[in-house]
Amino acid sequence: DQQVKQNSPSLSVQEGRISILNCDYTNSMFDYFLWYKKYPAEGPTFLISISSIKDKNEDGRFTVFLNKSAKHLSLHIVPSQPGDSAVYFCAASNPGTYKYIFGTGTRLKVLA
Amino acid sequence: GAGVSQSPSNKVTEKGKDVELRCDPISGHTALYWYRQSLGQGLEFLIYFQGNSAPDKSGLPSDRFSAERTGGSVSTLTIQRTQQEDSAVYLCASSLGRTTMGQPQHFGDGTRLSIL
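So the sequence lines, in the order shown, correspond to chains A and B. Going by my numbering, the residue at position 83 of the first sequence is 80; the numbering climbs one at a time, nothing skipped. Adding 26 to a residue's 1-based position in the second sequence gives its number in my numbering.
Simulated from the structure, these hints should not be mistaken for lab results. Heads up, a few of these hints could be off.
In silico DSS-like pairs for lysine-lysine, Cα to Cα no more than 27 angstroms straight-line [what the hints assert, rightly or not]:
hint, chain 1, residue 1, chain 2, residue 2
1, B, Lys37, A, Lys65
2, B, Lys43, A, Lys35
3, A, Lys34, B, Lys37
4, A, Lys68, A, Lys34
5, A, Lys2, A, Lys96
6, A, Lys106, A, Lys53
7, B, Lys83, A, Lys34
8, A, Lys53, A, Lys68
9, B, Lys83, A, Lys96
Chain A residues, not near chain B, derived (Cβ > 12 angstroms throughout) [what the hints assert, rightly or not]:
hint, residue
10, Asn24
11, Thr60
12, His69
Derived CB-CB ranges, DEER-like [what the hints assert, rightly or not]:
hint, chain 1, residue 1, chain 2, residue 2, range
13, A, His69, B, Glu40, 26 to 36 angstroms
14, B, Gly42, A, Ile50, 47 to 57 angstroms
15, A, Gly13, B, Gly42, 28 to 38 angstroms
16, A, Lys65, B, Gly66, 25 to 35 angstroms
17, A, Arg14, B, Gln67, 27 to 37 angstroms
18, B, Leu122, A, Glu39, 16 to 26 angstroms
19, A, Gln(-1), B, Pro81, 19 to 29 angstroms
20, B, Ala80, A, Ala109, 47 to 57 angstroms
21, B, Lys43, A, Ala67, 29 to 39 angstroms
22, B, Leu142, A, Ser71, 27 to 37 angstroms
Cβ coordinates follow ideal geometry from the N, Cα and C atoms, glycine included.
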């Protein structure tokens, strides 16, 4: 049972435009959501997180939106840069645990 | 800086052999995780250590898989009698795990395991 889903395996965006990566989840008890970026042959690196008590968190070019009623979160990257080309994973955790459940990832390609 | 270190970076072995993968977490991180990423798949949780608590082994796929964490620091993941389906990248991560929830995990670069 996949509790965290990233239904788009890949996405291509023109440099300078907005990239929107989506993530859906089934467990309404999740209390933290995180986004990671992964380059080939490297481990994932943390990008940005959001608590379930918020609906938006922003850090530079990266903004995460949380819609709890729809059990949906999204990562917006504006403006997109070629260096943003990577696989992006969303992850979620249950209250009181440090265990994260990861989605299957979305490969973003930013075209110059 | 001293990030999460994994060794070896690559391992090729014959089916049926045992393998041992090592993870050095960030100093002071009490939580340590092992994940597996098979080709074209997401991160599959294997096992989680938190301080001196009993580990959460719920993700280990079979009894051929085991992990230890000695002295609350270094961890080894052992796969006995390897099978071809064990071929994957094995990722280790650590986090502070001591303060507020939502602490991000810091990942190593993984061990790419290939079973011939």
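Hints and how they fare:
no., hint, result
1, Lys37/B - Lys65/A, "43 angstroms, violated"
2, Lys43/B - Lys35/A, "30 angstroms, violated"
3, Lys34/A - Lys37/B, "24 angstroms, holds"
4, Lys68/A - Lys34/A, "21 angstroms, holds"
5, Lys2/A - Lys96/A, "17 angstroms, holds"
6, Lys106/A - Lys53/A, "24 angstroms, holds"
7, Lys83/B - Lys34/A, "26 angstroms, holds"
8, Lys53/A - Lys68/A, "14 angstroms, holds"
9, Lys83/B - Lys96/A, "11 angstroms, holds"
10, Asn24, "14 angstroms, holds"
11, Thr60, "17 angstroms, holds"
12, His69, "18 angstroms, holds"
13, His69/A - Glu40/B: 26 to 36 angstroms, "46 angstroms, violated"
14, Gly42/B - Ile50/A: 47 to 57 angstroms, "51 angstroms, holds"
15, Gly13/A - Gly42/B: 28 to 38 angstroms, "53 angstroms, violated"
16, Lys65/A - Gly66/B: 25 to 35 angstroms, "31 angstroms, holds"
17, Arg14/A - Gln67/B: 27 to 37 angstroms, "29 angstroms, holds"
18, Leu122/B - Glu39/A: 16 to 26 angstroms, "21 angstroms, holds"
19, Gln(-1)/A - Pro81/B: 19 to 29 angstroms, "24 angstroms, holds"
20, Ala80/B - Ala109/A: 47 to 57 angstroms, "50 angstroms, holds"
21, Lys43/B - Ala67/A: 29 to 39 angstroms, "48 angstroms, violated"
22, Leu142/B - Ser71/A: 27 to 37 angstroms, "42 angstroms, violated"
When held up to the earlier numbered hints, the structure conflicts with 1, 2, 13, 15, 21 and 22 and fits the remainder.
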